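Below, each chain spelled out in residue letters.
2 protein chains.
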Amino acid sequence: MAALQLLEERIRKDGKVFPGDVLKVDSFLNHQLDTELLEAVGAEIAARFSGLGVTKVLTTEASGIAIACFVAKYLHCPALFAKKAKTANIADGVWSANAHSYTHNNDYTMVVSKEYLGGHDTVLLTDDFLANGCALRALLEICKKAGAKVVGAGIAIEKEYQGGGNELRAEGLRIESMARIASMDAEDGISFC
Amino acid sequence: MAALQLLEERIRKDGKVFPGDVLKVDSFLNHQLDTELLEAVGAEIAARFSGLGVTKVLTTEASGIAIACFVAKYLHCPALFAKKAKTANIADGVWSANAHSYTHNNDYTMVVSKEYLGGHDTVLLTDDFLANGCALRALLEICKKAGAKVVGAGIAIEKEYQGGGNELRAEGLRIESMARIASMDAEDGISFC
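From first to last, the protein sequence lines are chains A and B. Counting from 0, one number per residue, gives the positions in the first sequence under numbering that gives the first Met the number 0. Counting from 0, one number per residue, gives the positions in the second sequence under numbering that gives the first Met the number 0.
Treat the hints with caution; some may be incorrect.
Here are the simulated lysine-lysine pairs, DSSO-like style, with alpha carbons at most 30 angstroms apart [as the list claims (entries may be wrong)]:
id : chain 1 : residue 1 : chain 2 : residue 2
1  : A       : K83       : B       : K12
2  : B       : K148      : A       : K23
3  : A       : K12       : A       : K85
4  : B       : K82       : A       : K83
5  : A       : K148      : B       : K148
6  : B       : K148      : A       : K15
7  : A       : K113      : B       : K148
8  : A       : K82       : B       : K12
Think of the hints as simulated: they come from the structure by calculation, not from any bench. From a predicted model like this one, the values you see are computed outputs, not experimental measurements.
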């Protein structure tokens with residue numbers, strides 16, 4: 000079965016919708032990890048961006064790492080994960096960008112070592128979730144500071160109705176999301192685009 | 000070439016020893032990720048613990064996730080990563096254990112959802128590094144609280160001279176480390192066991 004169908008079916012089966020617009024998929028995506036599913040999703044994302052000369056698959060810790068590993072495997076390039084640091088405490092030698100977590104309601108800074116990202120790199124961004132787009136914007140800022148080219152973003156689950164993905168598309172970013180949620184509700188369940 | 004040789008050669012080639020007993024391997028293991036190498040290491044760890052009925056591969060965020068994904072893939076079971084939480088703020092519904100990070104010189108708490116770890120589980124622990132054993136002890140405590148059986152620990156790089164691994168072995172834990180560092184020094188380089 001295609002990776003997209005597998006993922007949608009798994010979200011329908013095991014995803015739990017909670018008040019406050021929370022979709023809990025930690026039984027397979029971001030706490031417990033179904034590596035067979037993640038590898039299929041990673042291979043599909045890689046296929047969408049093949050032939051573009053990607054040299055780095057960039058994500059953010061912690062829940063993007065699993066997907067990024069499998070995407071990078073199929074693009075035959077390294078994965079790289081931005082680390083979360085306290086904003087007040089940024090060392091030299093890193094590219095950094097501020098971000099806000101709506102999940103945890105805090106501000107933090109993403110950092111990537113300058114050793115591993117530069118003007119010679121062609122980057123594919125990837126993450127487990129895309130909602131308001133805040134994390135992707137921080138990764139884009141890091142790539143801009145590094146002078147790296149970005150070919151797009153490959154996402155496991157996009158909450159399309161939150162609008163962050165479509166704003167970024169309107170600004171010219173190519174985004175490929177393996178599952179796009181049109182709406183969700185604790186009573187009515189989940190509808191896909 | 001065998002995974003162990005590949006890993007040792009990579010440590011010799013790209014590992015950097017800094018004062019304060021720091022081995023920097025973030026060009027391939029815990030910031031930038033060489034997924035081909037990590038998959039070979041993960042497959043080897045899985046082979047060492049095959050046939051033992053492992054149902055979960057347990058690690059801790061963030062740098063253990065990549066290895067755990069590949070180990071779990073080859074053991075055909077889910078990976079599960081303990082999240083780091085502020086000690087003061089632990090919810091119900093999780094198994095937790097306190098740990099100390101010598102790298103960051105802070106205390107934190109590891110948490111795993113009770114939904115994903117219980118008395119029916121047979122667990123293989125895995126991590127990128129083993130030095131003083133503090134992280135492994137926290138994972139063991141979580142498994143003990145959950146009533147889960149632990150078959151051992153598969154580690155990418157053990158700093159053998161720090162003694163944490165051998166203390167745990169003396170207590171009965173089976174540990175398989177893919178590279179064991181006997182000594183290291185900024186001037187004299189790295190010696191393996």
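Given pair status - K148 of chain B, K148 of chain A, alpha carbons within 30 angstroms: Violated. K148 of chain A to K148 of chain B sits at ~47 angstroms, over the 30 angstroms cutoff.
Hint consistency between K113 of chain A and K148 of chain B [alpha-carbon to alpha-carbon, up to 30 angstroms]: With Cα atoms ~42 angstroms apart, K113 of chain A and K148 of chain B exceed 30 angstroms; violated.
Pair hint K148 of chain B and K23 of chain A, alpha-carbon separation not exceeding 30 angstroms: holds, 27 angstroms
Restraint check for K83 of chain A with K12 of chain B, where alpha carbons must lie at most 30 angstroms apart: holds, 28 angstroms
Proposed proximity, K83 of chain A with K82 of chain B (alpha carbon, max 30 angstroms): Since the Cα atoms of K82 of chain B and K83 of chain A sit roughly 14 angstroms apart, the hinted pair holds (cutoff 30 angstroms).
Distance restraint between K12 of chain A and K85 of chain A, which requires alpha-carbon spacing of 30 angstroms or less: Cα-Cα ~37 angstroms, so violated.
Given pair status - K15 of chain A, K148 of chain B, alpha carbons within 30 angstroms: Since the Cα atoms of K148 of chain B and K15 of chain A sit roughly 29 angstroms apart, the hinted pair holds (cutoff 30 angstroms).
Pairwise hint evaluation, K12 of chain B against K82 of chain A, where the allowed Cα distance is 30 angstroms at most: holds, 24 angstroms
Going down the numbered hints, you'll see the structure goes against 3, 5, 7, while the others check out.
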